[in-house]
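Asker: Given chain A, work out where chain B should sit, using these hints.
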Amino acid sequence: MTQLPAQTQKKLGLVIDLDTCVGCHACVIACKGWNTENYGAPLSDMDAYGGDPVGSFLNRIHSFEVQPEKGPAQTIHFPKSCLHCEDAPCVTVCPTGASYKRSEDGIVLVNEDACIGCGLCAWACPYGARELDQAEGVMKKCTLCVDRIYNENLEEVDRVPACVRTCPAGARHFGDFADPQSNVSQLVRERGGIDLMPEQGTRPVNKYLPPRPKDTMKELGADAADMSPVTGNPKGFLGWLDKALEAL
Amino acid sequence: MHPAPSVIIFTVLSGLGFGYLTWLGLGFPAVTGWTAFFCFAIAFATAVGGLVSASFHLGNPQRALKAFTQWKTSWLSREAWISVLALIVMGLYGFCAVFLDMLVAPLGLLGAVLSIATVFSTAMIYAQLKTVPRWNHWLTPAHMVSVSLAGGAVLALQWRAALILLVIAGALQALHWILGDRRFAERGHSAETATGLGSIGSVRMFEPPHTGTNYLLKEMVHKVGRKHAQKLRVIGFIALILVPLVVVLAAPANPFTAAVATLSYLVGAFASRWLFFAEAEHVVGLYYDGGAKAS
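Residue numbers (my numbering), protein chains in the order written: chain A, 1 to 248; chain B, 1 to 295.
Excised from the complex, chain A in its bound form (with noise of 0.2 Å):
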């Protein structure tokens, strides 16, 4: 139904780490890997090995560049995947019911079976988190791989999304948003977790951890003023090298 729950018991979501992201596509490939062979229709790509390849992915990572207003320019990588939102216009716009968030654990699904692929969902998405797939014509999205965390046939350390099992930085986590003790509320309090875009007023579940302050060693840096010439007048064997070399 796509009357939003009033209330979700469990608000399950990720917490990324933008401080630690290294920006290797690892979750990117995993979550392809899992989602192409487990829940609803594969994730497809079109013209795979022609010129003009396409294909459908629940989770992509973007890179930006931060110019802060005095010294370098920062690279952060930024890896994007439905939040989940509480407030989700994705499931509201919804004409057939395909689309629900599920009151017991907040996890936003298409139920693919319902979905005549109009693409309205997506066009209500702000954050581009959801893909019409070509070859099936129905709109997939994260599941926050809703079966591998319930799932008991996996081993109890599998039982997270795969792009969190899966990244080699620790730049993800799962967990718990409704219990303040669970270790991403812990995360968003510790490092100040952020919503993507307030202002569309979606409720993002997700938070992002903005990169920690870099370290601001002068004698280091490398700053243009750090890089100017250290004296106009060399003195002593320097001087001597200066004139000889001038003299030349």
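Honestly, I wouldn't trust all of these hints.
Unchecked claim - Here are a few chain A residues that face chain B, going by a calculated C-beta distance under 7 Å: (1) T2; (2) V54; (3) I61; (4) I116; (5) E199; (6) Q200.
Unchecked claim - Calculated pairs, DSS-like style, for lysine-lysine (alpha carbon to alpha carbon, straight line, at most 27 Å): (7) A:K70 - A:K243; (8) B:K130 - B:K218; (9) B:K130 - B:K223; (10) B:K231 - B:K218; (11) A:K32 - B:K218; (12) B:K72 - A:K10.
Hints listed in this document are in silico derivations from the structure and should not be mistaken for laboratory results. Here the structure is a predicted model, which means the values were calculated and not measured. Just so you know, even glycine gets a beta-carbon here, dropped at the ideal spot from N, CA and C.
Answerer: Chain B alone, transformed into the frame defined by chain A:
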């Protein structure tokens, strides 16, 4: 946004068809018999033709009946209901007019309200989207409803109403363009808010997440043809508003002049509707370095 032909044809033809049905339902003109047959045939062909075209936009049209279930939250589902109800009521009204020479005024009134409500609900599908600031405004339904009623008035040979409605539709169209151009900036969406990194500094894309294209870019970060936007606006405005206005002012109301005015109206409506989509910037473009800024 991607200006998909199926959706452009749908909104233009259905808009005109339901606009015409609104006038027929109100009894302007109060036609019966063979005349009514032709009037209703044209109205139903455009309205239903548009709806059929919309189904080509779907990935799985065989499940379209499910779209009637979520009317409590979804404007698309409401549109499905209202359009079908409008067609049923106006079908009954038209049947009575054509075969029984009888105009059932209450039925026509109900059909007229449902017909214009269909156009309104179509417009609300776009107007509800916060993610497309240009559309997310009361001007979007006002624009679509006025264009629909003006076109319907021309087809219905209601010259005096057409005159007033064309002027209103022209003003709303101009406002939709002028105010729409500013809306994205007014809403304050930026790469800084999109990434949450604005507290550090200014944000620009360093590397896109994929080397090729994807569904999001094709569907929502569409930039083709924006460079001709100003020319198309002028052409659209002349064909949609000014030419029909001249016909209405200078020529007598008969089927031939109405056909000329309607053809021009359709050319203009297609240009205007193409721009409606092509010029609409989706906020997801902010993650792709100014899909929005490049307009």
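Asker: Just to be careful: measuring from the Cβ of I61 (chain A) to every Cβ in chain B, is the smallest value less than 7 Å?
Answerer: holds (5 Å)
Asker: K130 (chain B) and K218 (chain B): Cα distance at most 27 Å?
Answerer: holds (20 Å)
Asker: Is the Cα-Cα distance between K72 (chain B) and K10 (chain A) 27 Å or less?
Answerer: holds (25 Å)
Asker: Is the hinted pair K32 (chain A) and K218 (chain B) satisfied, with a Cα-Cα distance of at most 27 Å?
Answerer: OK: K32 (chain A) and K218 (chain B) at ~20 Å, within 27 Å.
Asker: Would the hint linking K130 (chain B) and K223 (chain B) be met if the CA-CA limit is 27 Å?
Answerer: The hint holds at about 20 Å.
Asker: Hint check: K70 (chain A) vs K243 (chain A), CA-CA at most 27 Å. Holds or violated?
Answerer: Outside the cut-off at roughly 37 Å; violated.
Asker: Would you check whether T2 (chain A) satisfies its interface hint, that is, whether its CB is within less than 7 Å of any CB in chain B?
Answerer: holds (5 Å)
Asker: For the hint on E199 (chain A), does the least C-beta distance to chain B fall short of 7 Å?
Answerer: holds (6 Å)
Asker: Checking hints one by one. Is Q200 (chain A) an interface residue toward chain B, by the C-beta closer than 7 Å rule?
Answerer: holds (6 Å)
Asker: With chain B as the partner, please determine if I116 (chain A) meets the hint condition of a C-beta pair closer than 7 Å.
Answerer: holds (5 Å)
Asker: Let me know if the C-beta of V54 (chain A) comes in closer than 7 Å to any C-beta of chain B, holds or violated.
Answerer: holds (6 Å)
Asker: Please verify whether K231 (chain B) and K218 (chain B) have alpha carbons no more than 27 Å apart.
Answerer: Status holds; Cα separation ~24 Å.
Comparing the model with each numbered hint stated earlier shows that hint 7 is the single one that does not hold.
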